[in-house]
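Residue numbers (the numbering used here), protein chains in the order written: chain A, 1 to 378; chain B, 1 to 403.
Incorrect hints may have been included.
What the hints assert, rightly or not - Computed cross-link-like contacts, EDC-like style, restricted to lysine to aspartate or glutamate with a CA-CA straight-line distance of at most 20 Å:
#1 B:Lys257 x A:Glu310
#2 A:Lys138 x A:Glu209
#3 A:Lys26 x A:Asp324
#4 B:Lys268 x A:Glu209
Honestly, the hints are just simulated from the structure, not real lab data.
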Amino acid sequence: MDLSLSSTQVQLKDSATEFLKAELPKERVLQIDDSPTGFDADMWRKMVDLGWTSMAIPEAYGGAGLTNTDFGVVAETLGYFASSSPLLDSAVLSANAILEAGSEAQKKEYLTAIANGQQIFATALTEPEYGWGPSFIKMGATHHGRNYVLNGTKLFIPWAHVADQIVVAARTSEGASPEEGISLFVVDKNAKGVSTRLMQGFIGDKVCEVNFNNVEVPASNLLGPAGQAWPALERATDKATAILSAYMAGGAWKAYEMCRDYSQVRIAFGMPIGTFQYVQGNVIIALTESDACKWTAYEALWMLDTDRQEKQIGVSTAKAVASDSFWKACDASHDVHGGIGIDITFGLTHYTKRARTFQHYLGDARYHRARMARLMEL
Amino acid sequence: MDFEYRYSEEQEQFRSEVSAWLDANLPEGLAGAAGAAMLDSPGWEQCQNFRRRIGEKGWLALNIDLALVFLEELGKRKLGWLLDDGSSAIQSALQRWGTENQKKSYLPLIADGEANVWRLLTEPGVRLDVGSLGIRAYREGDEIILNGQDTFAGQGLWPDYLWAIAVINPDFPPHRATSSFLVPSGLKGISIQTPRTLVPGQTNLVTFDHVVVYPDALLGDEGSGWSVMQTALQAPQTIQYPIAEDAEVGDLLQYAKDTVRDGASLGKDLVLQQLLVEAHINSRITRLFKMRNAWLASTGQKITYELAQTALWEKQISMRLSRIVRDVMGMYALLDPQDPRAAVKGKLEFQQRSSLATQNPSAVPEPYAVAIADALGLGKGQQGEQKIASPGTPTGASGSGDV
């Protein structure tokens, strides 16, 4: 047993911290969030230059071939600084979907483009009847000659508005089980019939409604055999889910730190509010939630890296915890901060907003507990 | 990172030996018990005899690595509680603070399972509240007189020795106010009452009425009693790597799989599934927290809030598990082992009582919250603030950035 970071991970963490500390003060987070696209192209280019888009991609396809835990260390730091970018969706989820399902030629073409930052990929899974299991993928794709034709709507899709390509899950046939009949396509975001709309609200990373109106996709853009993509997609989402959990652990820790520090400087009745039991209780809630989030996330990443038999249970444990821990840490932090906490220039709401968004993304706690029940054969 | 404990060849060989011996020698009566507190008088006698036999094997004084294997093998047989008697803490205190005479007198007895030691009820990492200590000590020539009453924890119906903390210098600062004593329980003036609580025998009131001891009963320096006990409770050999899975949660999950209601197993009920998995996740978090604590201790890193955090977490989830057990099992959760309709040998009825007792053995969870707040420096303003980062872990370096 050794819970320390490797020297590579320490270096990754240090460089990520240094970069984000300089580039992403809370004022910049707010500027980016308030911008029309929520996307900072200049920062994205710097992330590419740091090699972050290539971390999860094998060396054979232009990547660095680092481990999931390595990526998790960077993700935790990104979460700590409330960074928003298509990194998870492009360089982890989409990249792994292609890696798991794609042909050699597709891997070479797409993964190289993702790794060197030439292209941004999004992955479109969820629909108006929102949910994360295979039964919620209902959008259809029909085979016509050398093309597939896609019709339907994908909803809450992160970063589709800035993506060059979208990995789309669609149903090409009905099977005996919901897992059967699901196919993955790489769709050019600018193809005829594809439209994106940025969704509005109290949302962290930007999400889109993506409509497909008789979109013709060459059969060569099908990833793997038709109707058999679910296992590959599940493996890809597991990796992204564990890394997202690490991101959420970083955010939860920052929410804890903010309330701990504020409780030391805010004076009420002549003494720091950290003297009061109710305030202490909330600081402790934030601390324990963020610790639970961190350790379950890193255990899941370790299980993926070492290909443990129980890795799927580990990933769902991590996300079930992260989905609730991040918002609980933020809510406890708000209880400590009072009025200042809801001032959007103060910084705490950067985390609150993301906690509520990522609570659902890649499956909420209820979904992952149900998945665990199935995997544990309850 | 590596979340798996790697066993040496020596450990694996020892495991084979222990496993074979336990299979051949484990008394039937002990196999069904969920804890020492479930044992009646004959059961406790059987338990003591078994501990002596373990002691004869030399397995009550193992090094950390072999002790872990032994605990795991007991845990597989749901008997991890057999060693949950605090003996590792007193052994640790004797090894570090004991005089040569004390080591010679007590360590072999403890290692042989011949000495049952109860200690003052306190938890690692908890702040000393001198006013809450019930025993006072004062010198009278060569003698030290102990007076007062306090709560002690330990296994069994009667202790052989008491490890007490007494206030000896009431006017001194707290860190110099107390002394630690290891005394035979049969001394004149000592009386023990076991209150009738939800878990009989978990806590005991011990009264010292002008009990005369000599300086050789002091464990550690005079005035440093609290520090001696706290140091022992936080020693690496006391903070052990978590053994096996949570037996209560395991029993509950198995019950849900095996029990059919209205044509389907309880585990298939969508609402109950959520609760069952929540219980499983909570026990996983406990295990990870304990793993972290053991790793910090074994690598010599500073432990600040972690032990109190784990204790507080365990108390909270114990109550939560209690509710989940009732939701899943219904009335069956309340049947004890004596009822022929009892499920899971009545072990989860014990959980219903023990969760309340765990929550409040001597106090509410507040001492743990205070201990964490102290470790975080809360309430001390910027001067007293200690920025806590989990050492060596990813968030450790995160503390440097301001958003």
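*Which earlier hints can't be squared with this structure?*
Structure breaks hints 3 and 4.
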